[in-house]
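K.L.:
Top line first, the protein sequences correspond to chains A and B. Take the first sequence: its position 152, counting from 1, is numbered 152 in the working numbering, and each next residue is one higher. For the working numbering, count along the second sequence from 1 and bump the result up by 369.
Here are the simulated DMTMM-like pairs of lysine to aspartate or glutamate, each with C-alpha atoms no more than 25 Å apart in a straight line:
| hint | chain 1 | residue 1 | chain 2 | residue 2 |
| --- | --- | --- | --- | --- |
| 1 | A | K255 | A | E283 |
| 2 | B | K545 | A | E294 |
| 3 | A | K243 | A | E193 |
| 4 | B | K545 | A | E338 |
| 5 | A | K92 | A | E310 |
| 6 | A | K168 | A | E88 |
| 7 | B | K545 | A | D340 |
| 8 | B | K434 | B | D560 |
| 9 | A | K92 | A | E274 |
| 10 | B | K434 | A | D339 |
| 11 | A | K148 | B | E443 |
| 12 | B | K556 | A | E338 |
| 13 | B | K556 | A | D339 |
| 14 | A | K148 | B | E543 |
| 15 | B | K556 | A | D340 |
| 16 | A | K148 | A | E88 |
| 17 | B | K545 | A | D339 |
| 18 | A | K148 | A | E338 |
| 19 | A | K168 | A | E274 |
| 20 | A | K243 | A | E270 |
| 21 | B | K534 | A | E294 |
Each pair of labels, with its calculated beta carbon distance range:
| hint | chain 1 | residue 1 | chain 2 | residue 2 | range |
| --- | --- | --- | --- | --- | --- |
| 22 | B | T513 | A | P239 | 55 to 61 Å |
| 23 | A | Q107 | B | E533 | 47 to 53 Å |
| 24 | A | V210 | B | E472 | 55 to 61 Å |
No lab work stands behind these hints: they were computed from the structure. C-beta: ideal position from N, C-alpha, C; glycine also.
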Amino acid sequence: MLLRSNLRLLLAQLEQLAETPYFSTRFEAYISELSDVIVRLLERLQSVDNPINLELAATLADHIWFLTRFLTGSTTKQIPYEVTFAIERAVKEWTDRELLITTAILQESNFYFMGGSEAFFAAVESELQIVIASRPVQIALPYIYRHKPLFCVPLFHELGHFVDNDNKIVDTSLLLSPATSGPDLPDLPTSAEIAALPDLERSLATAEVVSHRQEYFADLFSASYVGNALSGFLQEFCPDQPKSDSHPSSVSRDKLLADFSSGTPNPVIEMFQEALKARGLPELRARATSIALEASFGNVRPFTPASDEELFGLFESAWNFLQTQWAAPTGPWVHFPEDDRVRLVNDLTEKSIRNHMLVEGWNASIDQQ
Amino acid sequence: MRLLTSSELTASIADPENGIFLDPLLRSDQIGSVSIDLRVGYDFLVSVLTRRPAIELVASAGSRKRGVQSYFQETRRRLGERFVLYPHQLVLATTVEYLSLPENLYADISVRSSYARLGLGVQTSLQPGWRGTIPLELFNHGNTPVELIVGSCICQARFFEIDEKVQYVNGTMERKYFGAIRPVVSKAERDADLSILLKMGQMP
Numbered sequence: 001m002l003l004r005s006n007l008r009l010l011l012a013q014l015e016q017l018a019e020t021p022y023f024s025t026r027f028e029a030y031i032s033e034l035s036d037v038i039v040r041l042l043e044r045l046q047s048v049d050n051p052i053n054l055e056l057a058a059t060l061a062d063h064i065w066f067l068t069r070f071l072t073g074s075t076t077k078q079i080p081y082e083v084t085f086a087i088e089r090a091v092k093e094w095t096d097r098e099l100l101i102t103t104a105i106l107q108e109s110n111f112y113f114m115g116g117s118e119a120f121f122a123a124v125e126s127e128l129q130i131v132i133a134s135r136p137v138q139i140a141l142p143y144i145y146r147h148k149p150l151f152c153v154p155l156f157h158e159l160g161h162f163v164d165n166d167n168k169i170v171d172t173s174l175l176l177s178p179a180t181s182g183p184d185l186p187d188l189p190t191s192a193e194i195a196a197l198p199d200l201e202r203s204l205a206t207a208e209v210v211s212h213r214q215e216y217f218a219d220l221f222s223a224s225y226v227g228n229a230l231s232g233f234l235q236e237f238c239p240d241q242p243k244s245d246s247h248p249s250s251v252s253r254d255k256l257l258a259d260f261s262s263g264t265p266n267p268v269i270e271m272f273q274e275a276l277k278a279r280g281l282p283e284l285r286a287r288a289t290s291i292a293l294e295a296s297f298g299n300v301r302p303f304t305p306a307s308d309e310e311l312f313g314l315f316e317s318a319w320n321f322l323q324t325q326w327a328a329p330t331g332p333w334v335h336f337p338e339d340d341r342v343r344l345v346n347d348l349t350e351k352s353i354r355n356h357m358l359v360e361g362w363n364a365s366i367d368q369q
Numbered sequence: 370m371r372l373l374t375s376s377e378l379t380a381s382i383a384d385p386e387n388g389i390f391l392d393p394l395l396r397s398d399q400i401g402s403v404s405i406d407l408r409v410g411y412d413f414l415v416s417v418l419t420r421r422p423a424i425e426l427v428a429s430a431g432s433r434k435r436g437v438q439s440y441f442q443e444t445r446r447r448l449g450e451r452f453v454l455y456p457h458q459l460v461l462a463t464t465v466e467y468l469s470l471p472e473n474l475y476a477d478i479s480v481r482s483s484y485a486r487l488g489l490g491v492q493t494s495l496q497p498g499w500r501g502t503i504p505l506e507l508f509n510h511g512n513t514p515v516e517l518i519v520g521s522c523i524c525q526a527r528f529f530e531i532d533e534k535v536q537y538v539n540g541t542m543e544r545k546y547f548g549a550i551r552p553v554v555s556k557a558e559r560d561a562d563l564s565i566l567l568k569m570g571q572m573p
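Based on the sequences and whatever the hints tell you, model everything.
P.N.:
Right under this line is the structure:
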């Protein structure tokens, strides 16, 4: 009873969402496909000739519920379209697949990414003969940061996890450089020590290596796009974190990012570059151009990026500008209280990205005429 | 005070360091003979009815004051989408364009004639030294809803040169809406006069 009832409630919610004017017509197609899945599931649940396994149906229903949660957030008309635009631009380099960034706005101080399960999409295709064309990239961010793009930079780290999961980058690194022979990671036992462990302990230690590699890759990925803006933000958001099973210590993460930024050889970075090469993927490198913002932000005016490199560079340059104006304001900024300085730099960043989006969209629209 | 003409506006925009900074200017023909057409932006604060009888700027005795923000609902659109303005409804919006005025230019914003004929009202003035998208207090004076296309040129700015330079931001006065890139609700409650007036009202 509850399963069918849940499916009908979810269908009603999707129908309601479909009536909202969306930011993208791709959302409409995606919602329509999810609705088709529910309708087909309900048919199969009531079918005598071709019934569906109840456990499978319940799993599929749970996943649709999970996907709907992020769709609901995307239609609140409050999401940070500017940051989403930059994220979409970054991920294009890493996949040819049609991706759909969906957003949940949280009332908590947390950021996370959740991918749609490939097993779900495969089951929908094989069991219900419905092909869902898009793959969701589901991101969540705190509500109070929806107009603070510089405080949303952890989303680039979360995107790094998506790219890793989607391309099996850490998995590949384990094949090329197993935990028992690969580069030693700070905070963890050396590869020789792991190799010498009994089976069970070795497997636990390897799991920890996997988690830390995933975090390091996501850090390096984000640094490729937003430079030191992420490490700067994290130093304030969650300072001096000790090593845990899932995360390296803040000190170790900062050290790796500093090596990446300065071009200092580091075996962990080299390990990922080899894995990326083996997967035929782009290398980790700075995609951002540093921007001198004194003439624009310094005069309380937005900066119009002329390229994607400048678009990404805006995050680090604006972060550095904010740090400077926070510590020792100059020019007109001496007249603004602290809160206004934070608001203005974030707003100028948001407007700079938005103007770039507008000009690009306008020119594309003219080209189509 | 002198009204700037087309050639002067074009020259001023071409020298944003010393003149008018307007970004993005999507079409050069937005510059008219004595004005520049401006586009309605993508962020809106729509006034909504609440259970409170009125927007209070100062709490009445024994009552808890609600923030002005709570009388408005935030919504975003993208350029090319539609936005319906209902009769007698106040909607706070801004222009798409971010404007930076030099210290010797003053600007008047008014609705374009084509939109005034639909019942739309807009009236704003900007002091020399202004920074930000231009606040638009949209109001439908007619009795029929009007559908606006987000990004369309609904208003125009006229620029006046003044003889003296004026420092808009100089630390002596709070600039409540400076640098705003989205609509901001009224901050009239911060006016220092209000507390003096209230005391006057309580005097025997």
